[in-house]
Amino acid sequence: MQTQGLYCERDDRVLIRDLDFSLENGEVLQIEGPNGSGKTTLLRILCGLSEDYEGDIFWSGQPRARVDEAFRQGTLYFGHLTGVKAALTPRENLRWILQLKGITASAALNPLIDQALQEVGLFSYEDVPVQALSAGQKRRVALARLQLEPARLWVLDEPFTAIDRAGVAQLEQLVQQHAEAGGAVLITTHHALELTGIRKLQLGLGKGTWRIL
Amino acid sequence: MANSVMSDHSSVEPSLWSGLTAVMKRDLLLAFRQRSDMVNPLFFFVMVIALFPLGVGPEPATLRMLAPGVIWIAALLSTLLSVDSLFRQDFDDGSLELVLLSPQPLFVVALGKVLAHWLITAVPLICVTPVLGIMLFMDGNTLLATLYSLLLGTPILSMISAIGAALTVGLRKGGVLIAVIALPLYVPVLIFGTSAVEAAAMTLPYVGQLAYLGAFLVLALTFAPFAIGAALRISVNTR
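As you go down the protein sequences, you meet chains A and B in turn.
For the first sequence, position 211 (counting from the first letter as 1) is numbered 216 according to this note's numbering, and the numbering increases by one without interruption.
For the second sequence, position 109 (counting from the first letter as 1) is numbered 332 according to this note's numbering, and the numbering increases by one without interruption.
It should be emphasised that the hints constitute simulated quantities derived from the structure, not laboratory data.
Please note that a few of the clues may not be correct.
To be verified - Taking lysine-lysine and the DSSO-like style, the derived pairs with C-alpha atoms no more than 30 Å apart in a straight line are:
| id | chain 1 | residue 1 | chain 2 | residue 2 |
| --- | --- | --- | --- | --- |
| 1 | A | Lys-143 | A | Lys-212 |
| 2 | A | Lys-143 | B | Lys-248 |
| 3 | B | Lys-396 | B | Lys-248 |
| 4 | B | Lys-396 | A | Lys-143 |
Said to hold, decoys possible - One side only, chain B facing chain A, incomplete, derived with CB under 8 Å:
| id | residue |
| --- | --- |
| 5 | Arg-258 |
| 6 | Arg-395 |
| 7 | Asn-460 |
Every residue, glycine too, gets a C-beta built ideally from N, C-alpha and C.
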């Protein structure tokens, strides 16, 4: 993924000016910045939820709009709102999210979902409605998507919110594994990530300036 | 590890039909879990029609004359009442964002949601109409015409109001705006729906009116999902 001259403003405040960066396979890019510096806005622009920007975004060397379906097939967005329905069970929730990605709901899918739920520590909660789970467990249901969805690019917006320490370590490991397997990760977090080869994009240095470390 | 599993699925192309049924199944399951959403519009419909004879008096001739209009307007308002929640939950919990970012075409998801909404809210309403019709002294032929016209007309109402709901889902209080957007578009449906029933009451043929309703339905089924999809995109964009 690449951007060229990305410009975005919100309520007459310039958030990002002339942002050029590229994210190759196997790379992790952490987006840093104080609250309100446009981290979430940038992620929403990059994954196509927001159209309020100027500049170009490329995916696999082509303009994103031209390869829209392939882009959406290959991207996993994990936002502040997780899209997990309170009235459904974790298993039903994940099943539906996978169906949206075009994976057919065969009987073989259930053991996979159960295994992913087990790995995020929700063993024996598969059939409990999500509204009965704690805030951290709700986030974990959504995090099980990382193990199930076949996506090259992960776009993670504050994935560590409400997750306990062991969960954070596990998630860091998942991100590392994904990058080692050739995937790319865009992540915003205030945690100090201990990953090898991580790059950082700092936003909010004033008037839309930015810096890549 | 799950990685080996992912590669099995990575070649799968999303099919339109499986996307449609997945959306419908989920919404039906949700409605079943939260039954009040299903009961409210039906209760409203029954109450309006049951209270009507108390308001205008119990003369069979009067009631028979007013019946088509009353049933149709009650159906129309109960659709309007229920449609506000159509995209609200999905917007609030973020599943709408997942839908927008999924490789499924948006119109398929919109169509699935509206069809599920119709099955949940309008079908029960059509099912109780015979009982209410008898209460309003309708004869058999008129009742049949009412059922036909509702069967063709209520999906159109759902489609139209879903456009309004999709446009206003980003606003805190969209209820009144939906009415303002949708009501003018309801008018032709209402006119042809009630006139079919009135024709039947006078033992005239009413196939013509039903054909018009059918044409509206095809039009709505073809274009409304695209309008709903575009409206949802705008609503999520301006969040």
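Results of checking the hints against the structure:
Straight-line distance between C-alpha atoms of Lys-143(A) and Lys-212(A) comes to about 37 Å, which puts the hinted pair past the 30 Å bound. For the hint pairing Lys-143(A) with Lys-248(B), the CA-to-CA distance comes to about 22 Å; that is within 30 Å, so the pair holds. Of the supplied pair hints, the one linking Lys-396(B) and Lys-248(B) holds, its CA atoms being roughly 28 Å apart against a limit of 30 Å. A distance of roughly 28 Å separates the Cα atoms of Lys-396(B) and Lys-143(A); the hinted pair therefore holds under the 30 Å criterion.
At a threshold of 8 Å, the smallest CB-CB gap from Arg-258(B) to chain A is about 11 Å, leaving the interface hint violated. The beta carbon of Arg-395(B) comes no nearer than 16 Å to any beta carbon in chain A, farther than 8 Å, and the hint placing it at the interface is violated. The criterion of a C-beta within 8 Å of any C-beta in chain A is met by Asn-460(B), whose closest approach is roughly 5 Å, and the hint holds.
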